[in-house]
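**Q** Respectively, the protein sequence lines represent chains A and B. Take the first sequence: its position 164, counted from the start at 1, is 173 in my numbering, and no numbers get skipped. Take the second sequence: its position 92, counted from the start at 1, is 101 in my numbering, and no numbers get skipped.
It is possible that some hints are incorrect.
Claimed, not checked - Here are the simulated DSS-like cross-link-like pairs (lysine-lysine), alpha carbons at most 30 Å apart as the crow flies:
no., chain 1, residue 1, chain 2, residue 2
1, A, K32, B, K44
2, A, K32, B, K32
3, A, K44, B, K68
4, A, K68, A, K168
5, B, K61, A, K32
6, A, K44, B, K32
7, A, K176, A, K89
8, A, K68, B, K44
9, A, K68, B, K32
10, B, K176, B, K111
11, B, K61, B, K44
12, A, K168, B, K44
13, A, K89, B, K44
14, B, K111, A, K32
15, B, K89, B, K168
16, B, K68, A, K32
17, B, K68, B, K111
18, B, K68, B, K89
19, B, K32, A, K61
20, A, K169, B, K44
21, A, K61, B, K61
Read the hints as simulated data drawn from the structure, not as lab findings.
2 protein chains.
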Amino acid sequence: MQFTSQIVERAVESLSSFPGIGKRTALRLVMYLLKRPEIEVADMAHALIRLKTELHLCKECGTVSDHELCEICINPSRDKTQICVVEDFSDLMAIEATAQFKGVYHVIGGLISPMDGVGPSDLNIETLPHRVMDQGVQEVILALSATVEGDTTMYYIAKKLTSTTAKVSNIARGISVGGEIEYVDEITLGRSLLQRTEYSVNS
Amino acid sequence: MQFTSQIVERAVESLSSFPGIGKRTALRLVMYLLKRPEIEVADMAHALIRLKTELHLCKECGTVSDHELCEICINPSRDKTQICVVEDFSDLMAIEATAQFKGVYHVIGGLISPMDGVGPSDLNIETLPHRVMDQGVQEVILALSATVEGDTTMYYIAKKLTSTTAKVSNIARGISVGGEIEYVDEITLGRSLLQRTEYSVNS
Chain A
10 MQFTSQIVER AVESLSSFPG IGKRTALRLV MYLLKRPEIE VADMAHALIR
60 LKTELHLCKE CGTVSDHELC EICINPSRDK TQICVVEDFS DLMAIEATAQ
110 FKGVYHVIGG LISPMDGVGP SDLNIETLPH RVMDQGVQEV ILALSATVEG
160 DTTMYYIAKK LTSTTAKVSN IARGISVGGE IEYVDEITLG RSLLQRTEYS
210 VNS
Chain B
10 MQFTSQIVER AVESLSSFPG IGKRTALRLV MYLLKRPEIE VADMAHALIR
60 LKTELHLCKE CGTVSDHELC EICINPSRDK TQICVVEDFS DLMAIEATAQ
110 FKGVYHVIGG LISPMDGVGP SDLNIETLPH RVMDQGVQEV ILALSATVEG
160 DTTMYYIAKK LTSTTAKVSN IARGISVGGE IEYVDEITLG RSLLQRTEYS
210 VNS
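Can you make the complete structure from the sequences, with help from the hints?
**A** Structure, rendered in structure tokens:
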């Protein structure tokens, strides 16, 4: 791509560093910004800078937070005896969106992946057994991706928690709601057979 | 989408103002930025702000430029007797990328569109006849989109140029290179028949 303006070129290069955004899309975004008022672009720039300068990691659960402790950890109506372990902030948000979980979280910040050079010490795992013991946690729910990395990480965490009295569970794997049996892959279908639950006409 | 951080929410809202970027994609971009070094995010913010604070419109042709006159207008090797009229900077870049045009440009900044409230006075059209007359321009090439708005704008510009001696042409419309006849729409195919060119075995 040939640019006649260094300023535009820098902006395009910068925006195309985003995953999934190529140079053409970045140029379209820049063209859009050129047509917007200066205050709006300044607001956007400020919002991005604040992500790095003002955001904390919650001292308790490790999620990104505006303050030292996040909104969920300081909320007295959340059940502190149940901890849901998630990979990152977007997984936390996905679970919050279900409105099915009233406990608190533990954000580990990634998954164990020897291929990518990510070991347990790179993640926020070590603090979890202490949290469980100190706060009398009764259940730790592992809500990690159903991938090799997710399975490895779950195994590692479950091992770490054997010294505590907390029950460790992981979220169900099975066919999606709305999913048709004939299109489900065999591994998922096999798991959903093994982990079948009793069907009650009253529920 | 429920956010537990105002700072993240602001950044997501800001990025989702981009055309074609929804809240989910914006959250993915924010998650990416959270993992990048502060200097990189600051660079991006700075690159965006410069678009509004340091960029000029070229006094000659109206394209975005780092200086008062753009790189193309100050380039002595460009043919000043040929002007290519384009809608905006990205169209100019698309034509530059073909390396088939050695003249200069005139960027009108949009297309006449009564539906969107865009009239000729909102565009950089009035300066064109003066430029053509003052600089002895011999040909004006209209390279506008093949849409109703593009056609309207071309007609308006061509009318404005009747008082000058410059030849007015527009870029060919026909089947795309690599296009198969059976999949071409009938209007394009009809046009390409009407505007057929002589086939020479030597060319």
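**Q** Among the hints numbered above, which are violated by the structure, and what are their numbers in rising order?
**A** Result: no hint breaks.
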